[in-house]
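Q: Take a look at the letters that make up each chain.
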Amino acid sequence: MVMTPTAYYPTTNIKTSSWRTSKPVIDYSKCTRCMICWKFCPDVAIDINENPDYEAPADRIKKMEAPFIDYDHCKGCGICANECPFDAIEMVREGENK
Amino acid sequence: MYEIRFHGRGGQGAVTASKMLAMAAFKENKWVTTFPFYGTERRGAPVTAFTRIDNVKIELRSQIYEPDAVILLDKSLLKLVNVTEGLKPNGLVLINGKKGDFESNNGFKVAYVDATSIALKNHLGDPSHPIVNTAILGAFSKVSGIVSVDSMKSAVRDISPSKINENVNAIEEAYEEVEVA
Amino acid sequence: MKAQNITREIMTGNEAVATGVKLARVKFISAYPITPQTAIVEKLAEMVANNKINAKFIEVESEHSAMASTMTSEITGIRSFTASSSHGILYMHEMLHWVAGSRLPVLMAVVNRAIGPPWNIWADQTDSITQRDTGWMQVYCESNQEAMDSILLGYKVAENKNVMLPIMSMQDAFTLSHTSEPVIIRDESDAYDYIGDLNLPFSIDLKNPLGYGSLMPPDGPFMELKKDMRDSMYRALDVVKEETKKFNDKFNADFPGLIENFMMEDADYALITMGSMSSTGKYTVRKLREKGMKVGLIRILFYRPFPAEEILKSIRGLKGLGVLDRSITFGQRGAVYEDVVTSLYNKTDIPIKNYIIGLGGRDIRVKDYERMYEGLMEGGDSMEWINVGGK
Numbered sequence: 001m002v003m004t005p006t007a008y009y010p011t012t013n014i015k016t017s018s019w020r021t022s023k024p025v026i027d028y029s030k031c032t033r034c035m036i037c038w039k040f041c042p043d044v045a046i047d048i049n050e051n052p053d054y055e056a057p058a059d060r061i062k063k064m065e066a067p068f069i070d071y072d073h074c075k076g077c078g079i080c081a082n083e084c085p086f087d088a089i090e091m092v093r094e095g096e097n098k
Numbered sequence: 001m002y003e004i005r006f007h008g009r010g011g012q013g014a015v016t017a018s019k020m021l022a023m024a025a026f027k028e029n030k031w032v033t034t035f036p037f038y039g040t041e042r043r044g045a046p047v048t049a050f051t052r053i054d055n056v057k058i059e060l061r062s063q064i065y066e067p068d069a070v071i072l073l074d075k076s077l078l079k080l081v082n083v084t085e086g087l088k089p090n091g092l093v094l095i096n097g098k099k100g101d102f103e104s105n106n107g108f109k110v111a112y113v114d115a116t117s118i119a120l121k122n123h124l125g126d127p128s129h130p131i132v133n134t135a136i137l138g139a140f141s142k143v144s145g146i147v148s149v150d151s152m153k154s155a156v157r158d159i160s161p162s163k164i165n166e167n168v169n170a171i172e173e174a175y176e177e178v179e180v181a
Numbered sequence: 001m002k003a004q005n006i007t008r009e010i011m012t013g014n015e016a017v018a019t020g021v022k023l024a025r026v027k028f029i030s031a032y033p034i035t036p037q038t039a040i041v042e043k044l045a046e047m048v049a050n051n052k053i054n055a056k057f058i059e060v061e062s063e064h065s066a067m068a069s070t071m072t073s074e075i076t077g078i079r080s081f082t083a084s085s086s087h088g089i090l091y092m093h094e095m096l097h098w099v100a101g102s103r104l105p106v107l108m109a110v111v112n113r114a115i116g117p118p119w120n121i122w123a124d125q126t127d128s129i130t131q132r133d134t135g136w137m138q139v140y141c142e143s144n145q146e147a148m149d150s151i152l153l154g155y156k157v158a159e160n161k162n163v164m165l166p167i168m169s170m171q172d173a174f175t176l177s178h179t180s181e182p183v184i185i186r187d188e189s190d191a192y193d194y195i196g197d198l199n200l201p202f203s204i205d206l207k208n209p210l211g212y213g214s215l216m217p218p219d220g221p222f223m224e225l226k227k228d229m230r231d232s233m234y235r236a237l238d239v240v241k242e243e244t245k246k247f248n249d250k251f252n253a254d255f256p257g258l259i260e261n262f263m264m265e266d267a268d269y270a271l272i273t274m275g276s277m278s279s280t281g282k283y284t285v286r287k288l289r290e291k292g293m294k295v296g297l298i299r300i301l302f303y304r305p306f307p308a309e310e311i312l313k314s315i316r317g318l319k320g321l322g323v324l325d326r327s328i329t330f331g332q333r334g335a336v337y338e339d340v341v342t343s344l345y346n347k348t349d350i351p352i353k354n355y356i357i358g359l360g361g362r363d364i365r366v367k368d369y370e371r372m373y374e375g376l377m378e379g380g381d382s383m384e385w386i387n388v389g390g391k
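Residue numbers (my numbering), protein chains in the order written: chain A, 1 to 98; chain B, 1 to 181; chain C, 1 to 391.
Source of the hints: derived by calculation from the structure; they are not laboratory data. Treat the hints with care, since some could be wrong.
Here are the in silico distance ranges between beta carbons for each label pair [what the hints assert, rightly or not]:
hint : chain 1 : residue 1 : chain 2 : residue 2 : range
1    : A       : Lys-15    : C       : Phe-330   : 37 to 47 Å
2    : B       : Asn-82    : C       : Lys-226   : 53 to 63 Å
3    : C       : His-93    : B       : Lys-79    : 42 to 52 Å
4    : B       : Gly-107   : C       : Glu-61    : 53 to 63 Å
5    : A       : Val-25    : C       : Ser-62    : 35 to 45 Å
6    : A       : Asn-51    : C       : Trp-385   : 52 to 62 Å
7    : A       : Thr-16    : B       : Lys-98    : 26 to 36 Å
8    : C       : His-93    : B       : His-123   : 27 to 37 Å
9    : C       : Phe-330   : A       : Ile-79    : 50 to 60 Å
In silico contact screen, one side only, chain C against chain B (beta carbon under 7 Å); selected entries [what the hints assert, rightly or not]:
hint : residue
10   : Thr-7
11   : Ile-10
12   : Arg-25
13   : Phe-28
14   : Asn-51
15   : Thr-130
16   : Thr-175
17   : His-178
18   : Thr-179
19   : Glu-181
20   : Arg-230
21   : Thr-280
22   : Glu-309
The C-beta atom is built at its ideal place from N, Cα and C for all residues, glycine as well.
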């Protein structure tokens with residue numbers, strides 16, 4: 001049996017977000033559920049809520065699957081806010097209330 | 001030889017603090033060496049920096065295992081890191097915080113300064129990331145007596161990329177406010 | 001001509017290298033960033049942009065291209081420089097052979113960093129040690145002062161008409177590259193006086209075109225060219241001695257030369273070291289001497305060419321000798337150990353131990369040196385791995 005440079009280190013159960021300096025906040029009244037943020041997140045830190053109870057820009061959107069931020073794993077890179085075609089995501093400084 | 005170990009998080013200025021302290025001692029004609037120990041280089045990761053000060057050329061290049069003083073820029077590290085590991089008996093612990101943040105019955109000399117408030121008052125950094133390094137150096141100068149506050153101010157004037165007056169103010173305020181427990 | 005005013009500043013090893021490159025009037029720089037060498041390249045790029053150094057800076061997409069462009073610049077007769085580390089050195093490995101075989105006195109700064117896997121950014125000499133077969137000369141620095149001085153001295157040795165081989169100058173990752181300590185900045189005009197301009201005997205010239213490294217069949221002078229490389233490298237031993245003397249006279253410096261003997265005059269036991277770890281060794285020697293132990297340290301600066309004669313002189317009278325290797329090469333023993341033992345073959349009865357230490361940046365401490373000297377006193381010629389397998 002030899003030593004190998006392999007590591008089993010799943011970070012699902014570890015918060016990899018403690019060094020975030022700002023966090024994305026979704027304004028669901030603008031979110032059309034296009035899922036571009038979910039697609040672009042490099043950290044798999046945006047999940048899908050299949051039965052959301054959020055605001056929506058229109059009634060027909062209210063029951064659609066919606067993205068939500070996994071704040072335990074979001075590192076605050078801001079790519080989602082940058083990519084959102086509807087400006088529905090704002091980056092808010094940690095420590096400030098929003 | 002006097003050995004100081006800094007504990008901070010990436011982005012708080014721990015490494016710059018260790019360099020400023022070295023520069024201050026250098027201005028007093030001491031020999032100095034200072035170096036960081038990086039884990040992953042990212043904002044928020046724990047960072048350790050080492051500074052050695054001596055009257056003669058320093059040959060020791062290992063990490064500092066038995067410091068004379070430890071300086072803690074972020075008290076949230078107390079849960080993650082044994083900041084006083086190896087600290088010499090009667091060694092100095094200087095914390096950015098207030099009395100009660102650190103309990104010790106090891107005979108260490110413990111000092112506190114609210115470097116975060118001093119930094120914010122002087123517009124150094126912002127609430128989520130105050131730049132506390134110059135304040136804590138002002139406090140260190142007072143409680144350790146290793147480097148004069150004038151040398152510290154001079155070093156900070158040389159090294160600060162910006163806000164030189166604010167940084168010098170922070171040194172002076174911390175120098176006055178630091179308390180030994 | 002001695003410098004009138006001494007300028008002393010605190011600087012990191014990377015800054016010291018960049019300053020050395022400026023003092024050496026390098027005219028061409030091409031490098032690819034890699035931790036922990038990045039600051040060298042950044043500092044030089046900044047100096048070029050601010051006209052503090054009169055050099056051309058070319059960005060490339062890889063270390064292989066960095067060495068290729070440095071080489072081709074040197075071929076035109078321009079003093080050229082590059083820097084790299086770890087996997088960057090490996091990436092340019094083929095070009096290292098090509099530069100040395102072309103007899104071009106390029107200088108490269110190497111920040112010694114471990115080779116993965118596993119991925120590791122800390123101090124370890126495997127990257128340069130595994131290039132010891134390429135025909136490049138090698139000098140290992142112990143301090144930021146040497147990091148700066150080795151650039152001036154290095155070019156002078158490499159460009160000597162009887163040498164004409166490239167040279168790499170090593171600084172350990174973080175323990176020198178990112179460590180700030182006082183350094184004397186050599187006077188610019190004294191430096192130019194010392195180093196002069198490059199005068200390459202066979203540079204590319206449109207009026208006198210020539211080919212470099214073209215096809216050579218077995219009967220052509222292939223072996224003779226290789227023998228000349230080897231002979232030139234070992235002629236460099238005397239050149240290093242001469243240049244060290246000239247350098248020290250010029251700058252009132254104390255660059256040791258091929259090796260440094262530390263408290264060796266009456267030593268019973270000695271360790272051979274290379275690089276920044278030697279300083280902690282000296283500290284330990286002093287500490288053990290206070291306890292009455294007669295120990296010493298031999299520090300190799302120039303590893304290629306290998307200073308066999310100097311080492312033979314230094315070990316006279318020893319009861320035990322140990323060689324540290326801060327690298328792993330999977331030979332019979334460590335690389336430096338093998339060179340030491342080969343050079344002493346049939347010339348000594350002293351038992352020689354090998355210590356593998358500090359790989360992947362594992363800190364080298366006073367207690368590690370104490371263990372190694374204790375091991376020498378135990379006797380024998382075993383190979384021991386220091387501080388391995390748990391705290």
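Q: Does the CB of Thr-179(C) sit less than 7 Å away from some CB of chain B?
A: holds, 4 Å
Q: Under the criterion of a CB-CB separation shorter than 7 Å, is Glu-309(C) in contact with chain B as hinted?
A: violated, 27 Å
Q: Range first: 26 to 36 Å. Now tell me if the beta carbons of Thr-16(A) and Lys-98(B) are that far apart.
A: Taking Cβ atoms as reference, Thr-16(A) and Lys-98(B) lie about 30 Å apart, which means the hint holds.
Q: Holds or violated: the hint that Thr-175(C) contacts chain B, with Cβ atoms closer than 7 Å.
A: holds, 5 Å
Q: With a cut-off of 7 Å, does the beta carbon of Glu-181(C) approach a beta carbon of chain B closely enough for the hint to hold?
A: With a minimum Cβ separation of about 5 Å from chain B (threshold 7 Å), the hint on Glu-181(C) holds.
Q: Closer than 7 Å between Cβ atoms is the bar; does Thr-130(C) clear it against chain B? Give me holds or violated.
A: violated, 24 Å
Q: I want to verify a distance hint. Is the separation of the beta carbons of Asn-82(B) and Lys-226(C) within 53 to 63 Å?
A: Between Asn-82(B) and Lys-226(C), where Cβ atoms are some 56 Å apart, the hint holds.
Q: For the restraint on Arg-25(C), tell me whether the closest CB of chain B is nearer than 7 Å.
A: violated, 28 Å
Q: Hey, does the Phe-28(C) contact hint survive, CB to chain B under 7 Å?
A: violated, 30 Å
Q: Go ahead and decide if the range 35 to 45 Å is satisfied by the Cβ distance of Val-25(A) to Ser-62(C).
A: holds, 41 Å
Q: Take a look at whether the Cβ-Cβ distance between His-93(C) and Lys-79(B) falls inside 42 to 52 Å.
A: About 46 Å separates the Cβ atoms of His-93(C) and Lys-79(B), which means 42 to 52 Å holds.
Q: Do the beta carbons of Asn-51(A) and Trp-385(C) sit within 52 to 62 Å of each other?
A: holds, 58 Å
In this structure, the hints that do not hold are numbers 8, 9, 10, 12, 13, 14, 15, 20 and 22, in rising order.
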